[in-house]
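K.L.:
With the hints as extra help, turn the sequences into a complete structure.
Chains as they are written, first to last, in our numbering: chain F, 1 to 514; chain E, 1 to 116.
Since the hints were made in silico from the structure, they are not lab data.
Don't take each hint at face value.
Among chain F residues calculated to face chain E with C-beta under 8 Å, some are [unchecked claim]:
hint, residue
1, 132
2, 139
3, 142
4, 157
5, 158
6, 169
7, 459
8, 460
9, 464
Since we're looking at a predicted model, the values are computed, not measured.
C-beta: ideal position from N, C-alpha, C; glycine also.
Here is how the chains run, residue by residue.
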Amino acid sequence: MSGLLTAPFWLPLLGAVVALLARRHYHVQQAISLLTLSASVAIGGVLVAETADGAVHATQIGGWPVGIAIPFVADRFAALLITTTALAALLAVVFAMLRGEDHHVQFHPLVGVLVTGVFASFLTADLFNLFVTFEVMLIASYVLLTLRAGRAQERAGAIYIMTNLLASTAFLLGLALLYGRVGTVNLGELHAAAADPGAAVAAGVIAIAIGVKASLVPLHGWLPRAYVCAGPAVTALFSGLLTKVGVYALFRLYSVVYAGEPRWSLLLLVVAGITMLVGVLGAVGKGDMRAILAFHMVSQVGYLVLPLGLWSLAGVTAGIVYLLQYIAVKGALFLAAGTVETVTGTGRLAELGGMLRTRPAVAIGFLLPALALAGVPPTSGFVGKFMLIRASFEGAHYVVGGVAVVVSFFTLMSMMKIWNGVFWGEPSAAVSAEAGTEGDPDRARLPRVVDGIPQPPPVVFTPPRVRALALPSLAVGVATILLGLGAQLLVTLAEPAAAGLLDPSAYLEAVRGR
Amino acid sequence: MTAAIIVGLLAAAGTFLILQRGLVRAVLGFVLLGHAATTLLMAAGGVSRRGVAIIGQEGVAAQPADPLPQAFALTAIVISFGVTAFLLALAARGIVVLRGGDIERPGGHEPEDDPA
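P.N.:
Below you can see the structure in the form of structure tokens.
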């Protein structure tokens, strides 16, 4: 069991090392990425099965005594997130391969390091180690974002890195304050530590730092600027992984350090409501598919942190159900946008139109996740939102519940705007020409030779390959319908996770080694 | 008290530099802020206890220093060193790509700023 617990950490890291060694062999790198990510999905699935009935598994790294060792702990919440994020990463990497976005010796190793950091963040039960795993993930993302050299990438990269570096420094300051006050950063020893005002302030500094990474309003400004400048597959990869790790860390921090202290409830509800509103309103003025979707990411983070303010079994279960399906849905939307960009060479609504006629598979691949994002039945997004809003009203949080409903309408309007602009009506010139299939416009931005190694030749967009581009988003779209109809499965999976967050005693016992 | 003053000075200088235009100054600001965090970490372990901390050997120092914050500080230094190196590389490339280190100079083109 302990070997399996650390596997999501060392397996992708090992894969990254081997991929670096095999840098002259592009297909070996691809195979390694596919293998490690598929294995991570499987390991996550086993962990989900192993954490039935609220069981929590822990291992102390290196066999050091409890308290000195870094504990790796898997409860149901962590196991579910590992499975889902691994799946999202797998889809994004498959899309990158189809599109030729991985034609850079560093792409596959960096993806390996990125998911290493993500999985380790889910598993670690030590706040300092959380800082380290965050950095592992972020450093890989810095390089992935700036692989393509261009003016926009340069600016976006600088803003993204500096914002996150500032947040990381704040995280470190918070850790120092917390250690100075409590004398430990091990989550097993920190339960309800925030009852002490000094420790609450220190943990608050950490929470704000994590809030930047989760892109809570008013700490969200970097996200819509940075994400649109990465390649489409990288954007999908980031959307499925990075902010979700922040959301996860906030849940863990609130569950353990703050012990679900209700006095913070109002603050959390206000932040969640404002995040929903600001994100969705920011999307109104945008005319580019990925820019619109990036603002919706901010908006959706509001839904994801709403359960923190509710902190009831119904609320947290709803939040986890929503989170799990949302990771896949958002990734699929970015993949659909990426497909449109790849085929037509542009993502601007004004230049697009009528793609439903030329590429119906792409249109359906966008439509189904878009409906799930807005929360239209019978998709999984409807189930998540319905449960979340019902839990808000049951907890007598009428204002934030109302905001969630209103924001859903705005989300639907935004999705309809994209639908009308890109897929409806007569095919526009860009759509009919499909100029993008003649050659990847991004190719010019990638170096031909890296470290003396010639890069693989550009992808030739044969008709089967272009059709295949739509498959990842289409698969998620079908899955949202199936999960919407069989929603009980998600609820059954999520409920033990929610119970484990509300009453973390099993988690704490596992960290302390009993 | 000395540690508090050092942290305050470093944090103030770092914040000032981060708010400047130009990537290289901001990088220097982050270096100073990183030092502030490191100093705070060391202070968190208690500055009065400075004896050598050796695990597995008994009665070495009367007041052994807390080794954990030192390990934290070391890790944090390594990470911030790596990120600083990367930022400087980005700044060097930025001088070529943006013709100057100023990330906010007008005339730039970002896809999201395009009119719909």
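K.L.:
With reference to the structure, classify each hint as holding or not holding.
P.N.:
Structure-based check of each hint:
Interface restraint check: residue 132 of chain F against chain E, minimum CB-CB distance 6 Å, threshold 8 Å, status holds. A hinted interface residue such as residue 139 of chain F counts as satisfied when its beta carbon comes closer than 8 Å to some beta carbon of chain E; here the least separation is about 7 Å, so the hint holds. With a cut of 8 Å, the hint placing residue 142 of chain F at the interface with chain E holds, because the nearest CB-to-CB distance is about 6 Å. Taking 8 Å as the C-beta cut-off, the interface hint given for residue 157 of chain F holds, the closest approach to chain E being about 6 Å.
Given the 8 Å rule on beta carbons, the hint for residue 158 of chain F holds: about 5 Å separates it from the nearest Cβ of chain E. Using the Cβ-Cβ criterion of 8 Å, the hint placing residue 169 of chain F at the interface with chain E is satisfied: the shortest such distance is roughly 5 Å. For residue 459 of chain F, the suggested interface contact is broken, since its CB lies about 22 Å from the closest CB of chain E, more than 8 Å. Taking 8 Å as the C-beta cut-off, the interface hint given for residue 460 of chain F is violated, the closest approach to chain E being about 26 Å.
Checking residue 464 of chain F against chain E by beta carbon gives a least distance of about 30 Å; that is not within 8 Å, so the hint is violated.
Checked against the numbered hints above, the structure breaks hints 7, 8 and 9 and satisfies the rest.
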